[in-house]
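Asks: Chains as they are written, first to last, in this note's numbering: chain A, 20 to 326; chain B, 20 to 326; chain C, 20 to 326; chain D, 20 to 326.
Any given hint could be a false lead.
All copies of an identical chain are treated as equivalent in the list; a pair is satisfied when it fits inside any one copy or across any two copies.
EDC-like mimics (lysine to aspartate or glutamate), calculated; alpha carbons at most 20 Å apart, straight line [stated by the list, open to error]:
{"#": "1", "residue 1": "K228", "residue 2": "E215"}
{"#": "2", "residue 1": "K300", "residue 2": "D160"}
{"#": "3", "residue 1": "K228", "residue 2": "D47"}
{"#": "4", "residue 1": "K282", "residue 2": "D81"}
{"#": "5", "residue 1": "K208", "residue 2": "D33"}
Since the hints were made in silico from the structure, they are not lab data.
There are 4 protein chains.
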Amino acid sequence: LQRQPMVTMDDGADLISMLHTDRRDLLDDVIGGTEETTTGVIRLRAMEADGTLAVPVVAVNDAMTKHFFDNRYGTGQSTMDGILRATNVLLAGKTFVVIGYGWCGRGIARKAAGIGAHVVVVEVDPLKALEAVMDGYRVTDMAEAAAIGQMFVTATGNLHVINGSHFAAMPDGAIVANAGHFNVEIDIKALQAMAESVALVRAGVEEYKLPNGRRIYLLAQGRLVNLACAEGHPAEVMDMSFANQALSIKWLVAGAGENRPAKVYAVPEEIDKQVAELKLKAMGVKLQELSEEQRKYLASWALGTTD
Amino acid sequence: LQRQPMVTMDDGADLISMLHTDRRDLLDDVIGGTEETTTGVIRLRAMEADGTLAVPVVAVNDAMTKHFFDNRYGTGQSTMDGILRATNVLLAGKTFVVIGYGWCGRGIARKAAGIGAHVVVVEVDPLKALEAVMDGYRVTDMAEAAAIGQMFVTATGNLHVINGSHFAAMPDGAIVANAGHFNVEIDIKALQAMAESVALVRAGVEEYKLPNGRRIYLLAQGRLVNLACAEGHPAEVMDMSFANQALSIKWLVAGAGENRPAKVYAVPEEIDKQVAELKLKAMGVKLQELSEEQRKYLASWALGTTD
Amino acid sequence: LQRQPMVTMDDGADLISMLHTDRRDLLDDVIGGTEETTTGVIRLRAMEADGTLAVPVVAVNDAMTKHFFDNRYGTGQSTMDGILRATNVLLAGKTFVVIGYGWCGRGIARKAAGIGAHVVVVEVDPLKALEAVMDGYRVTDMAEAAAIGQMFVTATGNLHVINGSHFAAMPDGAIVANAGHFNVEIDIKALQAMAESVALVRAGVEEYKLPNGRRIYLLAQGRLVNLACAEGHPAEVMDMSFANQALSIKWLVAGAGENRPAKVYAVPEEIDKQVAELKLKAMGVKLQELSEEQRKYLASWALGTTD
Amino acid sequence: LQRQPMVTMDDGADLISMLHTDRRDLLDDVIGGTEETTTGVIRLRAMEADGTLAVPVVAVNDAMTKHFFDNRYGTGQSTMDGILRATNVLLAGKTFVVIGYGWCGRGIARKAAGIGAHVVVVEVDPLKALEAVMDGYRVTDMAEAAAIGQMFVTATGNLHVINGSHFAAMPDGAIVANAGHFNVEIDIKALQAMAESVALVRAGVEEYKLPNGRRIYLLAQGRLVNLACAEGHPAEVMDMSFANQALSIKWLVAGAGENRPAKVYAVPEEIDKQVAELKLKAMGVKLQELSEEQRKYLASWALGTTD
C-alpha cells in the first residue's frame, strides 16, 4: 500500500480490507482489484452487502477457468501431495473425511477415492450434500464422522469446523489437516487445551496426546497443508489463474473511464473462454467446431420435435 | 391447449411454442409455464431474445436439484440401461464416444467409465472440453473420434452432430445412440442414403450395411435411447424434478398479481434447497448444522488472516 | 447321459455328479470333462479329495481367460443390468452390499461403485477382505451390513449367506438379489416364514411385508439375477469361455491314450494365452513384442544390479 | 556374507547370487533364504531351472499379503508420490503411459487414473493386456505410446523397455521414470548418446535436450522413483511383507531337519492368512464368520442344484 497502487490483486482480501480500514486515503486512486480465493470473495460480498465496498473488484476466483480447475484439480492433487509428504501413510483403505464439498472438497474427495481411500463427506448445504451422496460417498455429520474417520481434511472457508468435541471422539492415530483458507478451520486452541503433551514427530506433523490415551496428528499447525507441506498448485493450474488475473486487470483498466459501480464483478465470459482455448491449444487437444447449420439451429426457437 | 390452460408444463417447449404460434388467442389467460429440458430452455431463451416470449416461464431444468441430478445421475444411468437392454454388449474395454459434455454428457461419461469403457469426449465449448481433459478423458474432435469409436452417444441438444462423413469413418460394428433431445442429433437421412440395406436385428437395433462392407447399428431410430430402450429416469430422480415443477407453479401462481415480466426465470434458490433437504431426509442422510459462531463468521468480512 | 457321452461339459457339476452316482455304468467310456463354474469346481475338488472322482476334469472356470473376464467383467455388468431391468431404481447414492469378494464379487463391486453406489463388502476370507479394504470399500460383517444396506447382492457359492436375522435387520425397501450359483445363497424359506404377505409388484420383483412394517424386495426368487432378469453374459465374454471349453476338450481327447489320472486339471497355460491373443487381435489391440535381448534377460539369472 | 549367515533375506537376489558364485564355500551352512521382489524371484526360478540353486528359498514376494498389497497399493501410491515430489506437475489430464501391467503396473495405473490422468498401458503378455483393456485403459505398443505419452513409468522387471527409438518419438516435455527393479528398464545410455545437453533442473530431475529440439525429463537417473524421490512404501504396507519374511524364516528353520529340496517355495497359505487376519484386526475391520452349516456345505459335493 506504500506504493499507492492503482489496481490491487488479493489472495484472501487482506489488502483490500486494509485499504478500506487503515488506508482509506488511497481509495480514490484505486481503479479496482481482483480477488483469487473463495474466502476472499465471501468477504468482499459481505463488504458489498453492508455498503462498505468502495471500488469495483473482479472475483477471479469465480472464473470457470479458476475455481473449476485451480480449486478442484489443483487443490485436490496438492492436498494429497502435502499429506503424503508430511506423513508417508498408506491412503488405500483409510477412512478419509472431507469437510466441505465445494470445488476444493470435490477435488479432494475424488483424489482421495482415486488413491483408494474410503471417503466420508460432511456438508452444511443440502444441494452439495445430495451431490456427494449421488457421487457415491458416505455423507454424514461431524459428530458421526469424527468417530469413524482416520484422516480429516477441512475445505470450508469457515470457522472451527473441527472442534474440541470432535477431537474427543476421534480414534487413536487420527490425522487432521486443513486445505481451506487461513488457519481457522480447525480449533487448534481447543486441541491444545485438551492435550497432555505435544511433540513434533516429523517435519510438519505434531502429535497431540489426549487424556483418553489417544494420539492426534495435526499437519502444518492447521495451515494450508498443500502450501505448507507440498509446493501448492502445479504451474499448469496457476497459469490459468494468472491469465484470468491479467486479463481481468486489463478489463478493469480499459473500463476505468466508465465509472463502474463499486461491486463484485464476475470475470467476463469471453475472458474465461479465451483462457480455456489457449490452454487446450497448449495441450494439443482438438476442439470440435460448430457448423453454420448447427449455429443457426441453436439460435432458432422455431425448430422443434415435429419439424 | 383445448383445455385452455392457465399454466403450462413443457418438456421440450413444444406446447409453449404452439401457444405462441397457432393459439395466440389463449395467451392472455396464461399466468406462466415451466420447462423441464435443456433443449426447451435454449428455445425459450431464443424466444426471449427475439421478443417473442409473451409469458413468464420458470426454467425448472436449470434448478440444481433438476439438472445436477436428473440430467447427470438419471440420464447417465438410464442411457447405459437403454444401451444394455437394446444390445447386451460388453461395455468393459469398448471405446465409447460421448458427444457433448454438459450435465447429461458428464453423467454418461462417468457411468461409461465406471462400467469399464474407454471414454472419448467431443465438445465445442472450450471450458467443458478442458474439464473433460482434467477429468481424465481423451478429448478430440468428431473426425478423429469417428474413426476410433466403437460406441457413440450424443447429448448436445444440437443438430446432426453425427453426420455422413462420420458414418463413413466408423469401424465395422459401431453402435450409435442419442441421449440428447429429439431425434435430430444423428443425421439419419444421411445414414439411410449411404446404406445398401437396413435390417432390424434386435428390438430397437437397426443394422445399416454400408458400401465399404461395414455395419452400423442405430439404436431406437435415433430417438432417446433411455426412453425408447429402457424406462427413462428412475422414480428417485423424477421425484425431485416434479417437486421443482410443483413448487415453481405454486410460485408462479402466488405471483400472478404482480404482472411479472415475460421472461425466463430461474427456480428460486429457496425452492431448490427445500427440495434437496426433503430428499436427504427421505434418504436418511445427516446434514451438518452451522453453529451460531460459524454463521456470524461467514456473514462478517472484518475477520481475516491476522485475527 | 442317455446319449452315452465320451466327454462332459458341465455348468455346476450336476452332470458329472449324476454320472458318479446314478449312472456309474457310463463312466468307463468317458475320456473326461470340463467344468465352467466356481461352484462346480468346488464340488469337483471335494470329489477328488474324497477319492470319488473317476475321470479327469478340466476346470475351465479356473482359466484366466474365463474367471478373470467372464466372472469379473461379465457377471459384474450383467448383474447391474439384471437389477436395473427388474427394478429401474437409481443406483447412484444407494448403499450397496456385495457379499463375497471373489471374481464375481469384485466385478459387481466395481460396477456398482462405477455407477455411483456406496459399496459395502462382506467377506469370510481375510485376504479378500483386506483387498476389498485397500480397494476403498467399506468392509464389515453381515450383522452390521444388514442394518445399513439398501441393496444386497450375494456372490459366494455358499449357503444362506443372507438369513432370517439379516432380513429382520434390513431397512424398509431393501432389495435382495443373488448373483452366485444356484438359489441357495439367500434363505428364502426364512423370509417366507417371516412375511405377512407376498406380492409380485413387477416382473421378477416380489415384495415381502414383514411384521415390523418393512418391505423387502426379492429379485428373481433368489435365482441368478443376471440370467433371470437380464440376458446373462454378453457374447463378447462367452466367446472366451467357449474357446477354452473347445480347446480343453481337444486337449483331453488328444491325451486320451495317456491314461491321465482322474483329477481336476487346470487349463494348460498355452490354451489360456492363445485365447487371449485371439481376442486382442479381434479387438484390434496392439500387443508389445519382446526383443531378443529382452527374452534373454528374462531367462538369465546372472545379470544383476551391479551389471 | 562375512558373517556366515544361516538364513538369507534378499531384495533382488543379489546376496543369494553372490553366494552361488563367489562364496560357494558358505552354502553348506545355509538353511535357506527368502526373496522379497518379483525380479529376484525371476532370477531364482532361472537358477532352479538350470540346476544352479543349492538351497530352498521362499518367494515371499509371491505371498498374497506381499505382492497383492505391497506391489499394488504400496508401489502404486509411492510411485505417484515420487513423481509429484520430483516434478510438482499436474497429473489430471496428462497422458500417462504405464509399461507393464503386473501388480506394480496395475497399482500405478489405478492411482494415475484415480488422480485424473489418461492412462495408456503397454504389455507383452496377452492375458494382462486383455485385463488392462477390460479395466478401461487404452492399450497399445511402445511405438504408438511413445508418440502420445506425456509421462512414462516402467514396471516390467525387464531390460530397456524404453529405448532410443522411443525417446526419439516422444513429445517435448515428456517425463520418464522407473518403478520396476534396478535401473535397467530405461536405456539411459541411448538417451545420453542422443542428447545435446543434460542439466539437473530440480532435485532428481535431469533435462535431456534432443537434436529435434525436444526436452525429455528423466527422474532419479532411472532408479526406482518411489525410493529415490519419495520414501518407498508406507510402513502400513511393509509391515505385512516383514511379517511374511519373519514367519517364512521361522518355517524354514522349523523344517531344517527335513532336508527340503533346493527349490523356490511359495509362502505357506496359513502364513498368508495369518498375516491378513492380524492386519484386519489392527485396522478394526470385521470379518464375517462361516457358520457350521456353511462350512459343511462348502466341503460337501453331494448337494446340488436340485437339492
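Asks: Against this structure, judge whether each hint is valid.
Replies: To see whether the hints hold, each was checked on the structure:
1. In this assembly of identical chains, the alpha carbons of K228 and E215 lie at most 20 Å apart only when taken from the same copy (6 Å versus 54 Å across copies).
2. Taking identical chains as interchangeable, the C-alpha atoms of K300 and D160 lie at most 20 Å apart only when they sit on different chains, with a minimum of 13 Å there against 43 Å within one chain.
3. Taking the closest pair of Cα atoms, K228 and D47 never come within 20 Å of each other, the shortest separation being 53 Å inside a single copy and 52 Å across copies.
4. Taking the shortest alpha-carbon separations for K282 and D81, only the intra-copy value of 14 Å comes in at or below 20 Å, while the best inter-copy value is 26 Å.
5. Proximity of K208 and D33 under a CA criterion of 20 Å is satisfied in neither setting, with 23 Å inside one chain copy and 53 Å between copies.
Violated hints for the displayed structure, listed by number in ascending order: 3 and 5.
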